[in-house]
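Enquirer: Chain by chain, the residues:
2 protein chains.
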Amino acid sequence: MKLTRLHAQTVPLRSSIRNALVSFAEMTGTLVVVTADETRDGRPVSGLGFGSIGRYAATAIVQDRLAPRLLAAAPAAYTNDAGELDPLRAWDVMLRNEKPGGHGERSVAAGAIDMALWDLAAKLAGRPLWRLLADRFNGGRHDAAISVYAAGGYYQDGDDRAALRREIAGYRESGYTAVKIKIGGAPLADDLRRVEAAAEAAGGMERVAVDANGRFDEATALAYAAGLAPLGVRWYEEAGDPLDYGLQARLAERFPGLAYATGENLFSHQDVRNLARHAGLRPARDFLQMDPALSYGLPEYLRMLDVLRAAGWSPRRCIPHGGHQFSLHLAAGLQLGGNESYPGVFQPLGGFADGTVVTDGTVRLPDAPGIGIELKSDLFALFRPLRP
Amino acid sequence: MKLTRLHAQTVPLRSSIRNALVSFAEMTGTLVVVTADETRDGRPVSGLGFGSIGRYAATAIVQDRLAPRLLAAAPAAYTNDAGELDPLRAWDVMLRNEKPGGHGERSVAAGAIDMALWDLAAKLAGRPLWRLLADRFNGGRHDAAISVYAAGGYYQDGDDRAALRREIAGYRESGYTAVKIKIGGAPLADDLRRVEAAAEAAGGMERVAVDANGRFDEATALAYAAGLAPLGVRWYEEAGDPLDYGLQARLAERFPGLAYATGENLFSHQDVRNLARHAGLRPARDFLQMDPALSYGLPEYLRMLDVLRAAGWSPRRCIPHGGHQFSLHLAAGLQLGGNESYPGVFQPLGGFADGTVVTDGTVRLPDAPGIGIELKSDLFALFRPLRP
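Heads up: the protein sequence lines correspond to chains A and B, in order.
The first sequence maps to residues 124 to 511 in this note's numbering.
The second sequence maps to residues 124 to 511 in this note's numbering.
There could be a bad hint or two in this list.
[As the list claims (entries may be wrong)] The following residues of chain B were derived to be distant from chain A, with all beta-carbon distances above 10 Å:
hint	residue
1	LEU193
2	ALA205
3	GLY227
4	PHE260
5	GLY262
6	HIS265
7	ALA286
8	GLY355
9	PHE378
10	PRO379
11	GLY380
12	ARG432
13	VAL481
14	ARG510
15	PRO511
[Claimed, not checked] Simulated coverage check for chain A against chain B, where a stretch passes if three residues somewhere in it have a Cβ under 8 Å from a Cβ of chain B:
hint	stretch
16	178-184
17	220-227
18	364-378
19	386-397
Please keep in mind that the hints were generated in silico from the structure rather than gathered at the bench.
C-beta: ideal position from N, C-alpha, C; glycine also.
Bound-form chain A, shown alone (with noise of 0.2 Å):
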């Protein structure tokens, strides 16, 4: 097996959404084919991945640094004995060179080629990722349901409140049942006023969580936190900078009662370990979101659930951001606690394949082989014209 073409285009991933900190109207993502000297039905084979959601692309770090690796490398540093793709193996060869420290965009592009790695190497075995991974990685253990919350909730023009009640009955009937609304973008009383619309409409408050996206300093922070405590929602997200470990640390210590929910801007072990030391989250009440296809992919997800194992956390507090695929495998293969969905927006690289029902709140993933970008025909359409 040799890798014989890696090609990476940046698209635009338009939005008219803003969250309480950052527009998406420029949004862009990296979309990655990487093709092998096998072919099935009479063409090459070619995974498929991209850079995820909420982050730009990463195109030129793939193209400069990163792909030029992999391709002069000899078959024998990606392969296993029997001469299979080994996606790990290909990690090492493609992040040779690299410093320490610095875990920001290169985790982007190192994330979208990993992801198109796995679905090659899927793709290859000819089976599901999800299966493939639960083999390797889990015992053969597995979730064929994965929970699965519907994130949305932005602010929106005129009748806000009424708007917000509509998109999460809309979510309800699709079969969710636990939602995540926006906070921070309104005064807090107007927020709170929010939640409480958020949990009549969901059936629940415990069924509402609530996303400020870092935007809080620690005494806005602490302020949101009393008023969310006395509520029950579901979990408190990144209500500061992602990094502030010690503000955290201390909206933990003033309001225990809180479930807190933070990861999706920490792209390496070395800072989910500083967060398991250092922010006084709790593994049995909190929650952990990063995101494969933003932090370096597959190998370092595992890095960072060894690093948390070590800290006495489970793979099921961990529900990574992103609302894609490539989360959906992992949270099925390696058991963890679910994963985001993106009913309405970061469309086509948030979602799941086409005709994918929502039941209970979960959702079950196909059996073809790979990741399955290509029953997902928005996404696909996409990557059909950049494959050989």
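Once you have looked at the hints, place chain B on chain A.
Expert: Chain B in isolation, oriented as in the chain A frame:
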């Protein structure tokens, strides 16, 4: 004052050296030229900047994200009430719509532009940058002579210790009174003999710092600390992964007599704040080496100094990595603890103005307007064709 053009280009930074972890044979850098609508001596005034040494070029991030925001902005967004360029305001413009966390690569792109903006602002003011910084940020105080140390001591083929002695004797003849050498590329016992040889050539063990470039696991880091502690080296730099604050804290706890240095791979004030909070470093004894050219430039460096001051650190404990002219201006104008110097490597980005003389371990800055890259002929030769 209006910015009319921002040009960025990748340059190879070929070098045959390697540290304990990384080969620099394929290293690249980003050059930035930012031009104003004002002229001096009949030509448009341009500011020159570059991404610093040891991380790869970030040219695409300059071109795709940061530069377009600056060039699209109204001049009022980056000028002060007097209509003069204010690089602090320009910084806010170029980093709009960037998410928190993930501080790498982007920090190099912003650092390169920021350097060019300060060079431009100082040229437009007709003043050397160190003087502009002293007046704006340091009550007019500055250092006329800046302490520098010679960083080198890479492993060499053949009789490595003899070569090391010759190299350090050369630094001493040139006026340096302190040096830094690499460790971790040989067994501990050999490395300790290397340190002894360096101390003999340098004229004292207190003149020799050692640098592991983040290579060691905790057991090795502690074994080296045990070997180095009785010697009295100047400092023990980057023993473990730059983000492993726990490892760093255990070093200081177990071997409090050693001085430690780190920070060249931390690129944000949030990371530096975590270092100050969690790494057990001591403001009276240890050294911090953040490089403004790698970490979003001067505005972020000022924020780093702020979070450090709040934790009890003086700017005198900060000695930037990188051995370049920009940090030398910061060291003079903000009265830092000195600056790194690369007499033999990382040319032409590293190094100071032609004819700079080292006297008793210190250097002086020229009085030319701006940073004075025009006075460093090998570096200016790269920039000259990029100006309009």
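Enquirer: Under the constraints set out in the numbered hints, which ones does this structure not fulfil?
Expert: 3
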